[in-house]
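Asks: The task is simple: from the sequences and hints, build the whole structure.
Spelled out, the chains give:
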Amino acid sequence: KAGVTQTPRYLIKTRGQQVTLSCSPISGHRSVSWYQQTPGQGLQFLFEYFSETQRNKGNFPGRFSGRQFSNSRSEMNVSTLELGDSALYLCASRAGTGTATNEKLFFGSGTQLSVL
Amino acid sequence: AQSVTQPDIHITVSEGASLELRCNYSYGATPYLFWYVQSPGQGLQLLLKYFSGDTLVQGIKGFEAEFKRSQSSFNLRKPSVHWSDAAEYFCAVGAAEYGNKLVFGAGTILRVKS
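These protein sequence lines are chains G and A, in that order.
Residue numbers for the first sequence follow our numbering, so the first one is 1 and each next one is one higher.
Residue numbers for the second sequence follow our numbering, so the first one is 1 and each next one is one higher.
Derived by calculation from the structure, the hints in this document are not laboratory data.
Backbone N, C-alpha and C define an ideal beta-carbon position, used for all residues, glycine too.
Any given hint could be a false lead.
Below, a sample of chain G positions facing chain A; criterion: calculated Cβ distance under 8 Å [stated by the list, open to error]:
id: 1; residue: G42
id: 2; residue: L43
id: 3; residue: E48
id: 4; residue: T53
id: 5; residue: N56
id: 6; residue: G58
id: 7; residue: L90
id: 8; residue: G108
Replies: Right, dumping it as C-alpha cells:
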C-alpha cells in the first residue's frame, strides 16, 4: 500500500502570493489532517477533514484554508503569504472510523514552503 | 488546555548506552499519549501510544514508555541505543473531547556518538 503522498516536496514563494499544497492519503483512509512545523512553534494542528467536511480547526488565521475531495485527497491553501508562513507542512491520514486518539496516524514527508 | 513539555532540546548518548527522553503533559483527564520519531526530511513515524491499561507500553524499534499519572509524565526509554536511532523525537497528547487533534511537544534531538 502506498503511503501518504504530499506534493510538491519543496516550494518557494514570495510574500503576498498564494500557494496550494496537495495530499493524497493512504488508500481507504477518509480522514486527513494538516500540521505546520516550524523551528520556533514546533508542530501545530491546522485542520482535519473527513468525508469532505472540516471536522476540526486549529488556531490559524483565515488565510489558511483547506478542502477535501470525494476521493479523500486534500488540498490546503495559504493566501497572502507572509514570511512567517515558511514551514514544513505535514499531512497525516487515518482510516477515520474511530478517532485520532485511538487510530494510528500516518504522516507524509511534508512540503517545505519557503516564503521570500 | 492540553500542553506537552519536553525539557531536553538536545541529548547526546553513546552507542550502546541507555536512553531516556522526558515528557510531561498537562491535561485534566486521562490523556492519550504518543511518541513519534522524525528523521531529517521525513514525516513522523509512530513509536508507541498509551490509551489505558498497563502503564508500561512497548513500541517499535525496541522503545518503551511508562505512563506515570502522579508525575504527569510519559518518558521514552531504550536500553541500548543504536546509531540509527539518531533523530528527533516528539511526545504528543490527544483527547477525543479536543476534536481529535494532537498537541505536540517541542521535540528532543537525539545524537548518538560512536
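Asks: A separate judgement is required for each hint: does it hold in the structure or not?
Replies: Right, here's what the structure says about each hint:
1. G42: holds, 5 Å
2. L43: For L43/G, the interface hint holds, since the closest Cβ of chain A sits about 4 Å away, which is under 8 Å.
3. E48: holds, 6 Å
4. T53: violated, 13 Å
5. N56: Where the cut-off is 8 Å and the nearest Cβ of chain A is about 4 Å from N56/G, the hint holds.
6. G58: Since chain A brings a Cβ to about 7 Å from G58/G, closer than 8 Å, the hint holds.
7. L90: holds, 6 Å
8. G108: Because about 5 Å separates G108/G from the closest Cβ in chain A, which is inside the 8 Å limit, the hint holds.
This entry does not satisfy hint 4, going by the numbered hints stated previously; all others are met.
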